[in-house]
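Trainee: Going by the numbering used here, the sequence shown opens with residue 1, and the numbers climb by one from there.
Treat the hints as calculated values from the structure; they're not laboratory data.
Heads up, some of the hints might be wrong.
SDA-like, lysine to any residue: derived pairs with alpha carbons at most 25 angstroms apart [what the hints assert, rightly or not]:
| hint | residue 1 | residue 2 |
| --- | --- | --- |
| 1 | K115 | A41 |
| 2 | K115 | D75 |
| 3 | K3 | A112 |
| 4 | K115 | A42 |
| 5 | K3 | G113 |
| 6 | K115 | P125 |
| 7 | K3 | K115 |
Keep in mind it's a predicted model, so treat the numbers as computed, not measured.
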Amino acid sequence: MAKYLLLKHYRGAPAAVNDVPMDQWEPDEVSAHIRYMQDFAAGLESTGEFVDAQALSPEGTFVRYDGEGRPPVTDGPFPETKDLIAGWMVIDVDSYDRALELAGELSAAPGAGGKPIYEWLEVRPFMSEPPTVTE
């Protein structure tokens, strides 16, 4: 089994087919989208492929270390950044092909007008530890 992170982006990825921002959807469209995501996760739970998922707000702050005894430097949010993540799902699957298959299904979540979004999802494998060499 290999773990993959499926990333949903607010912006920065190629535009989705149904590219209406969620803040312009009707309440029932938002509910249908969330229900689709929950049902998708429940299906993966039943196969043992689901690990976790979360939606993220568009607000955020970048933080960095500024030296010993100094407070961290903060700035943001940076809404123009292409790395703004809307949400993520961690899956644990048998193959990269299965990760791509699931990302394709997740891409069909409904959006404005109840039509599938066909959004682009980023599929990122988790880094694994290199094998231990024993002599």
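Trainee: Can you give the numbers of the hints that this structure goes against, from lowest to highest?
Mentor: Those not satisfied are hints 2, 3, 5, 6, 7.
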